[in-house]
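Residue numbers (the numbering used here), protein chains in the order written: chain R, 85 to 301; chain X, 8 to 323.
Hint data in this document are derived by calculation from the structure and do not stem from the laboratory. Quick caveat: nothing in here was measured; it's all calculated off a predicted structure. Wrong hints could be hidden among the right ones.
If you want a taste of the chain R side facing chain X, the calculated C-beta under 10 Å gives, among others [claimed, not checked]: (1) P90; (2) L121; (3) P134; (4) P262.
Okay, derived cross-link-like pairs now, DSSO-like style, lysine-lysine, Cα gap no bigger than 30 Å in a straight line [what the hints assert, rightly or not]: (5) X:K222 with R:K234; (6) X:K60 with X:K293; (7) R:K195 with X:K293; (8) R:K234 with X:K293; (9) X:K261 with X:K299; (10) X:K293 with X:K261.
Cβ atoms here follow ideal geometry from the backbone N, Cα and C, with glycine treated the same way.
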Amino acid sequence: MKAVIPVVFLLLAAAFLLNASPGQADLPGTPEFDRQLLQVGSNRDAMSDPPYAIQAGLQMTCAECHGLFDSKPGSGRSEHKQHGHISLSHGMNNSCYGCHSQQDRNKLILKGDEEIAYADTPLLCASCHGTTFRDWERGMHGRTNGFWDKERGPQVRQTCTQCHDPHSPAFAPLAPLPGPNTRLMGEPVDQDAHHGGHHNPLDLSGLKHAWEAQNHE
Amino acid sequence: MSETTGMGRRSFLRGGLSVAAGMGAFVAALRPLADMDPDDVPSMEGFLQKHYKEMNETEMNQALARIAKRVEDRYGVVPNVRDVRSQEGVEFVYALNLSRCIGCRRCVHACVAENNQSRSPEIQYIRVLEMPRGTLDPEQGNHNYDRPTVPDEDHFYMPIQCHQCANPPCVKVCPVEATWTEPDGITVVDYDWCIGCRYCEAACPYWARRFNFAKPEIPAEQINPEMAYLSNRPRSMGVMEKCTFCLHRTREGKMPACLEICPVGARKFGNILDPESEVAQILRTKRVFVLKAEQNTLPRFFYYFDERYPQGGREQ
């Protein structure tokens, strides 16, 4: 009977030796995604001041073009004209001359009477979005890049139109990057099958399934 | 005959079997060493390396040189490894605007790229929860959301990462003082002092600490060569790691990587001791809350809202 103990040890030793080194298991990693998405930059380019467009190979400012072909007040835009690509979705502010000066095409119009330069766009936005402008001035709204410590390097503030399209200011939806993929989390649950998309991050019941799947492949 | 030798056939076999079993078990126990990567074996100097706080300048420089050599051997990249110390008169605070976050997970992956986390097994410091509107209970959140585009109309998004607590439970439970809070408020880990007991992971109410269960794998071309001893130098199997507010960047005046990438400007970072800083103004004027305030962890990570959209949906 006493020989049982060494035999047990021998069997254990054999088992360890045969399967001693699990090595690096083939653990789930992060799916590939476009790494260009991790480049830091502004979301869109702000208009130059004065703004221009390239028409028939010529760089023309707004005023230069509109000096040649003036649009009658109230004629609106049509798909067949120059600005057909613009889709205006800015709430109640639904006419060109709400923001653009009708007299000087290189200027914007503030509250219907004061002409301001394109470089001062935030002032125009502020005439309606006052609280947001106040927050932006203090750095509480919008992007701040570069250095938090301005004594040690430059700080870059993004202006309104570097994030928002002024013609359609709601932030466009984005495709999300891949979600977490750790073994502990198990398989992602079907969001809609679970009541109300509820998923308990501390529920490790996925662990058992993941472990079994791993060892039965 | 048997009485004269004192050793019978039976007892000889039994003894021999025991010796063989013992030796077999010993060999089996040492078997994993055969698969050890030679560059995982610590040098004598590395083995005798002191705790971060006890190293003098010479010893620190030797430690940094050892780290640089290991990175070069393993990844073929010459890193710039530094020991970046905290500044006088600086206490870092993070503020996150829940009204703006759209759940795009850019921050999660910018963090991984900046901080040299393992890609397989995957280690990420930031977890973005998709929350049903009307609750702030993280248990209601789902981090596995997979939609063609975000945000979803019926949800808001709450990223969670290390809250850099002023009363950190993770620091209290560490049996070897391998983790502590720096003067600028960042809780750090000395990866060479950590014994991998994972007490801190269990103590953290924000699920902010990550453990290297296996040898970290990072593609050599994705290594970030700008490294600091206390933050993003490559880790080994069996140690804890966590968000350090990118201290190799922030202690040099820069913004953390998760903030830089945020396309909607939901993330704000700065020195709370400067009353004109963005974070100081947010804490003064916005509706701010901390997660799990009842735990008395005193986080330096704040969530806030904008006053807008009375319908709880999109602006009309």
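Hint check:
no.	hint	verdict
1	P90	holds (4 Å)
2	L121	holds (7 Å)
3	P134	violated (27 Å)
4	P262	holds (7 Å)
5	X:K222 with R:K234	violated (39 Å)
6	X:K60 with X:K293	violated (38 Å)
7	R:K195 with X:K293	holds (29 Å)
8	R:K234 with X:K293	holds (23 Å)
9	X:K261 with X:K299	holds (29 Å)
10	X:K293 with X:K261	holds (24 Å)
In this structure, the earlier hints numbered 3, 5, 6 are contradicted, and the remaining ones agree with it.
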